[in-house]
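Since chain A is already given, all that's left is putting chain B on it; use the hints.
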Amino acid sequence: MTPLLAASQIELHFLDYAIMGIYVLFVLGIGFALKRHMKNSSDFLTSGRSIPAWVTGLAFISANLGALEVIGMAASGAKYGMLTTHFYWIGAIVGMVFLAIFMMPFYYGSKARSAPEYLKMRFDEKTRGLNSLSFAVMTVLGSGISMHALADLLSNLLGWNYDLCLVVGSVVVMLYIFKGGLTSAIYTEVVQFFLIVFGFAPVVYLGLKEVGGWEGLTAKLHFVGEHSQSLGLADKDLGPNAWTSIWSNMGDASANSMGANWIGLVFGLGFVLAFSYWCANFLVVQRAMAANSMRAARNTPIIATIPKMIFPLLVIVPGLIAVALESTNSGKGDYQIYRKEVVVSAEAWKQIEPVLKNAPDRKAAAAAVVKTVLVPKKGELTEQPFNTVLVGNIADDFKAGKITGEAALTALNNAGVRDYNNVITSLLYRYCPTGLLGLALTALLASFMSGMAGNVTAFNTVWTYDIYQSYFAKNKSDGHYMLVGKAATIVGIILSIGFAYVAKRFDNIMDLLQLVFGFVNAPIFAAFLLGMFWKRATGHAAFFGAFIGTIVSALFYALTTVQDGGAWLINSTTGLSSLYVFPSAMTQNFWLAISSFGTAAIVILLFSLSTKRTKSDEELRGLVYSLTPKQSDPDAPWYAKPLISGIIILLVCLALNLYFA
Amino acid sequence: MDIRNPIGLLFTLLGLLLVGAGLFGGPDAVKAKNIQDAVNINLWWGVVTLVFGILMLGLALRARKKD
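Listed in order, the protein sequences are those of chains A and B. In this text, residue positions in the first sequence follow this note's numbering: the first is 1, and each later residue adds one. In this text, residue positions in the second sequence follow this note's numbering: the first is 1001, and each later residue adds one.
One chain only, chain A, in its complex shape (with noise of 0.2 Å):
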């Protein structure tokens, strides 16, 4: 991963410290007050069912929010705009509710310990150890990516020794969990939470200020979508409404900033994505699990949505402020999103001179020009970060005069990429004194470090039961399976340290993960989906469905491309060529997950109809849907039945679609 702010470091006071170290020590505080309350493996792995809605809802909304996503949302914000808002409004809210209505009693009433636990039960024991296995893996890793993360942040913002925040970060999040177990992971995210709200707040606030309120902001963003090949933004002029308008520009995928149309958008991000990572990760379900009772089960994800449909104010709207911010002070150069650096020498430009010249057009000029600039790392020639935009119309200026060989070498040297990474923490800088700063920072760091106990606390929960109690040692005592949780969690979070420094040597490893993760999780889901509503589902079909979904997005990925971009076998040595070539990366994710979610409910509906059932009509009940007593709360007032508010919370949702389409 590139260094998040690597264009200055910022200065902390002691004040600043001592608020981090606060927060700090209470959290090590909750994990020792919770000890006490750990006298069983269910205690230690599921929080023994005690908790209530409230508490459970805001853990299962900050287990998502790490600080990866905050920092990534800021990013998006200023990369796509109010576009950004899809990731919350279309994938995310449509999801919660549909688990909250319907997923969760299956999950909470067959009182399963795990997700994997619950494939267990409706299908066999190969559909629950393909799925705990592929989940142990990437919660490891997920963890490791989390710590890698905020060790390099605190190291290239602060100065601090990597290896240092590294292991003193991964110490204090052992020494909670290994005391609290997971009721003291859902405790601190619920600290997280608020500490997101009261740390961003102001910074939203301020910001905000500068730039005019909503309307000066709005006014801003329009400026930008006009100029947005000019500013680098995209290929193109999108328009005034480009970064304001989340509908008006769906319909095709040249003609908005995530070269995206609305059919991938609705069908990959808004139901298999969401669905699949709302619905069926283990994660984030584990969460919901936690609740002390049914209805508290079925209201955690519906408590959860509230926070969720108005966080884009907090983690999106201070991209947009930054992007705001930097095309219309740009004459100035007050406010600037860091670029990544690129050198052309005054030699290398005798070279570039012709070619500027002589290319047909601007993306040809800019092609010709990343590959003739070439800069030796680890030993190789490699290509710079450049804006192809940028150095298209450097090349377009130079071509028609406008400005001078001496402007455009200057121009070249600061057409580097944006650094979007570093949106969040830039913007902090600018604004908050300190003491705010401390607080903002705190906030980042609370929820790197919730990233990595959510990631663990899910864990050592599918290592314990789904892995060693079936596979290893099955009727051992319970005091056993506590001692073996308790070993998973130190040992979880070595290898997540190990983990942290393959990431470190492995500029891209992120991006690769992302998407493995994206190989599993859609094909598992619709075993899941199909379990849940399909009786005839059958436990061979659900492990083969879930098999070649994700075979199937592998070779999609590898066998597709993005404009401008290579693939894994596409290339002079397999002579393969690219079957379809998407307008975006995130087009090619969408419809990845739509194929591979397909082809996995389409192997199961067949291979089901073609085996023979192994489970019982009594053996479901409780597990599938129409072998399942409708749930009924007749005590519960109407705001705790999820129906309806799942229904009221659809239609804010939409409201809020309609008007900012």
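For the record, the hints were derived by calculation from the structure and aren't laboratory data. Don't take every hint at face value.
The calculated lysine to any residue pairs, modelled on SDA-like cross-linking and capped at a C-alpha distance of 20 Å, are [said to hold, decoys possible]: (1) B:K1031 - A:D237; (2) B:K1031 - A:Y205; (3) B:K1033 - A:A201; (4) B:K1065 - A:P52; (5) A:K209 - B:K1065; (6) A:K79 - A:R295; (7) A:K486 - A:N40; (8) A:K399 - A:A368; (9) B:K1033 - A:L208; (10) A:K79 - A:L313; (11) A:K363 - A:N156; (12) A:K615 - A:K39; (13) B:K1033 - A:H13; (14) B:K1031 - A:L12; (15) A:K209 - B:K1031; (16) B:K1033 - A:K399; (17) A:K340 - A:N156; (18) B:K1031 - A:I10; (19) A:K209 - B:K1033; (20) A:K209 - B:I1035; (21) A:K209 - B:N1034; (22) B:K1033 - A:R430; (23) B:K1033 - A:Y205; (24) A:K535 - A:E125; (25) A:K504 - A:E69; (26) A:K350 - A:L313; (27) A:K630 - A:N40; (28) A:K79 - A:I403; (29) A:K79 - A:W262; (30) A:K79 - A:K350; (31) B:K1033 - A:D334; (32) A:K363 - A:L208; (33) B:K1031 - A:R430; (34) A:K39 - A:D478.
Simulated coverage check for chain B against chain A, where a stretch passes if three residues somewhere in it have a Cβ under 8 Å from a Cβ of chain A [as the list claims (entries may be wrong)]: (35) 1040-1046; (36) 1057-1065.
A quick note: this is a predicted structure, and the numbers were derived from the prediction, not measured. Using N, Cα and C, we set each Cβ at its ideal position, and we do this for glycine too.
Below, chain B alone, put in the same frame as chain A:
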């Protein structure tokens, strides 16, 4: 354990620290940076944080009395 206790305590403490910085910090330390006619954001936001912290403690206390 009622999670509102530690949250209330933490935010009360953070609120007090911010209010303190807002009242007694140097001129550079209290004003939001890079904004004209900036407010004393440490003081102002410290008060909000403090109120939230006390509210959480109050809710926890009320729940304990009910039991």
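Each hint tested on the structure:
no., hint, result
1, B:K1031 - A:D237, "violated, 38 Å"
2, B:K1031 - A:Y205, "holds, 14 Å"
3, B:K1033 - A:A201, "holds, 16 Å"
4, B:K1065 - A:P52, "holds, 18 Å"
5, A:K209 - B:K1065, "violated, 43 Å"
6, A:K79 - A:R295, "violated, 40 Å"
7, A:K486 - A:N40, "holds, 11 Å"
8, A:K399 - A:A368, "holds, 15 Å"
9, B:K1033 - A:L208, "holds, 14 Å"
10, A:K79 - A:L313, "holds, 16 Å"
11, A:K363 - A:N156, "violated, 35 Å"
12, A:K615 - A:K39, "violated, 35 Å"
13, B:K1033 - A:H13, "holds, 15 Å"
14, B:K1031 - A:L12, "holds, 16 Å"
15, A:K209 - B:K1031, "holds, 14 Å"
16, B:K1033 - A:K399, "violated, 42 Å"
17, A:K340 - A:N156, "holds, 15 Å"
18, B:K1031 - A:I10, "holds, 17 Å"
19, A:K209 - B:K1033, "holds, 12 Å"
20, A:K209 - B:I1035, "holds, 8 Å"
21, A:K209 - B:N1034, "holds, 11 Å"
22, B:K1033 - A:R430, "holds, 6 Å"
23, B:K1033 - A:Y205, "holds, 13 Å"
24, A:K535 - A:E125, "holds, 18 Å"
25, A:K504 - A:E69, "holds, 19 Å"
26, A:K350 - A:L313, "violated, 48 Å"
27, A:K630 - A:N40, "violated, 32 Å"
28, A:K79 - A:I403, "violated, 28 Å"
29, A:K79 - A:W262, "holds, 18 Å"
30, A:K79 - A:K350, "violated, 33 Å"
31, B:K1033 - A:D334, "holds, 13 Å"
32, A:K363 - A:L208, "violated, 36 Å"
33, B:K1031 - A:R430, "holds, 12 Å"
34, A:K39 - A:D478, "holds, 10 Å"
35, 1040-1046, "holds (count 4)"
36, 1057-1065, "violated (count 0)"
In summary, the structure is inconsistent with hints 1, 5, 6, 11, 12, 16, 26, 27, 28, 30, 32 and 36 from the numbered list given earlier, while agreeing with the others.
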